[in-house]
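Peer 1: Okay, here's what each chain looks like letter by letter:
Protein chains: 2
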Amino acid sequence: MGHPYAPAELQLPGYVPLQLSQGQILAPYLGASLLLVLVIWLVSGKCRGLSKTDRLLMCWWEFTGLTHIIIEGTFVFAPGFFRKENPNFFNELWKEYSKGDSRYVARDTATLTVEAITAVLEGPASLLAVHILQIAVCLGQLYGCLVYFITAYLDGFNFWVSPFYFWAYFIGANSFWVWIPTLIAMRSWKKICAAFRAEEAKKTK
Amino acid sequence: MGHPYAPAELQLPGYVPLQLSQGQILAPYLGASLLLVLVIWLVSGKCRGLSKTDRLLMCWWEFTGLTHIIIEGTFVFAPGFFRKENPNFFNELWKEYSKGDSRYVARDTATLTVEAITAVLEGPASLLAVHILQIAVCLGQLYGCLVYFITAYLDGFNFWVSPFYFWAYFIGANSFWVWIPTLIAMRSWKKICAAFRAEEAKKTK
Numbered sequence: 629m630g631h632p633y634a635p636a637e638l639q640l641p642g643y644v645p646l647q648l649s650q651g652q653i654l655a656p657y658l659g660a661s662l663l664l665v666l667v668i669w670l671v672s673g674k675c676r677g678l679s680k681t682d683r684l685l686m687c688w689w690e691f692t693g694l695t696h697i698i699i700e701g702t703f704v705f706a707p708g709f710f711r712k713e714n715p716n717f718f719n720e721l722w723k724e725y726s727k728g729d730s731r732y733v734a735r736d737t738a739t740l741t742v743e744a745i746t747a748v749l750e751g752p753a754s755l756l757a758v759h760i761l762q763i764a765v766c767l768g769q770l771y772g773c774l775v776y777f778i779t780a781y782l783d784g785f786n787f788w789v790s791p792f793y794f795w796a797y798f799i800g801a802n803s804f805w806v807w808i809p810t811l812i813a814m815r816s817w818k819k820i821c822a823a824f825r826a827e828e829a830k831k832t833k
Numbered sequence: 629m630g631h632p633y634a635p636a637e638l639q640l641p642g643y644v645p646l647q648l649s650q651g652q653i654l655a656p657y658l659g660a661s662l663l664l665v666l667v668i669w670l671v672s673g674k675c676r677g678l679s680k681t682d683r684l685l686m687c688w689w690e691f692t693g694l695t696h697i698i699i700e701g702t703f704v705f706a707p708g709f710f711r712k713e714n715p716n717f718f719n720e721l722w723k724e725y726s727k728g729d730s731r732y733v734a735r736d737t738a739t740l741t742v743e744a745i746t747a748v749l750e751g752p753a754s755l756l757a758v759h760i761l762q763i764a765v766c767l768g769q770l771y772g773c774l775v776y777f778i779t780a781y782l783d784g785f786n787f788w789v790s791p792f793y794f795w796a797y798f799i800g801a802n803s804f805w806v807w808i809p810t811l812i813a814m815r816s817w818k819k820i821c822a823a824f825r826a827e828e829a830k831k832t833k
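As you go down the protein sequences, you meet chains E and Z in turn. So the number in our numbering is just where the residue sits in the first sequence, counting from 1, plus 628. So the number in our numbering is just where the residue sits in the second sequence, counting from 1, plus 628.
Hints should not be assumed to be uniformly reliable.
Note: identical chains are not told apart, hence a pair may lie in one copy or across any two.
Taking lysine-lysine and the DSS-like style, the derived pairs with C-alpha atoms no more than 27 Å apart in a straight line are [unchecked claim]:
{"hint": "1", "residue 1": "Lys830", "residue 2": "Lys818"}
{"hint": "2", "residue 1": "Lys819", "residue 2": "Lys674"}
{"hint": "3", "residue 1": "Lys818", "residue 2": "Lys831"}
{"hint": "4", "residue 1": "Lys680", "residue 2": "Lys831"}
{"hint": "5", "residue 1": "Lys830", "residue 2": "Lys680"}
Keep in mind that the hints were calculated from the coordinates and are not lab data.
Next up, chain E with everything else stripped away, as it sits in the complex (with noise of 0.2 Å):
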């Protein structure tokens, strides 16, 4: 029985294919993520003394917590989710993804490393993210990032079905969880570089 993914040499025996299309495994997550940004965003304006910027930070680090325990979660504790004869909406959602970097089917102990850590650390400290943890957290999401571009480099970047896999999943879907650590760990540094100025001005009155 083959498989779809690449390189066309991987084994993956007990494969189940894909039973639901590309649009019914991605219009729902999109779906309930926009749900979810839209009623934090909705509730945390009734809150008083909340910047814009605040409560879109809210609505962040909702969503990047949720999608790191959940999605990439069932990825973590679901080592046969390829196998599954009647699989789940999340074992369906990995056969998908994978078609932009197979090391998930393959379950490359890199990949997985990195997903463990996302899921089981990441995940709930992005739910209780305040100043100093969402730093923490950010560059988490960093590193993580980078092992996972850099080890995909040096193991042959070989891991999409095309290029259309390549730029929408592998390069596409991650790039969110570059810009954007990126803007909130500097928009954090200079926060906590104020607090620091405002403390030693305090101490030289």
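Following the hints, complete the assembly by docking chain Z onto the known chain E.
Peer 2: Structure of chain Z alone, referenced to chain E:
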């Protein structure tokens, strides 16, 4: 031509046996490190206003920064170090360390990735370390250790010649980069929290 590493089936064509003894490798590294720490300790003692903790931290950041750049850098940028007919000190050091973790001679991609990030990013950042950079580098070191230990576990946990090398090199040597960054990160966290509280107190006055 055989090699001394585990697992025995590991293929290392062109392996050149170790010419230096364990003592000839460890003594220069530990001696040079001790000398460096001693010099920084004595010189920093001449600066007024530095607490003993500040001076200890300076010693640590210089030591860990130079270790990252020089020791780990020579591994990252010497792909064929175990095949060199006239190996330099660092080639020999990595052949010795590989007795505790053969993923170094095997050039495992996850290990190489963590070492590359450590040598190129964490090393220079260690030398510059001030408040926020300290917590950033510590978190990076801890993330790197997590990836290092978890990938070893997932990949079979059989990369050492004997229990001695497991405990002395794999666990012992690396443990310094677990407990010292943990202590420094906790200290930085408290300092940052204190700075935020001071800033807050100033605002509400």
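Peer 1: Taking the hints in turn, state whether each one holds.
Peer 2: Hints versus structure:
no. : hint            : in the structure
1   : Lys830 x Lys818 : both (18 Å within a copy, 18 Å between copies)
2   : Lys819 x Lys674 : within (25 Å within a copy, 33 Å between copies)
3   : Lys818 x Lys831 : both (20 Å within a copy, 17 Å between copies)
4   : Lys680 x Lys831 : between (32 Å within a copy, 21 Å between copies)
5   : Lys830 x Lys680 : between (29 Å within a copy, 24 Å between copies)
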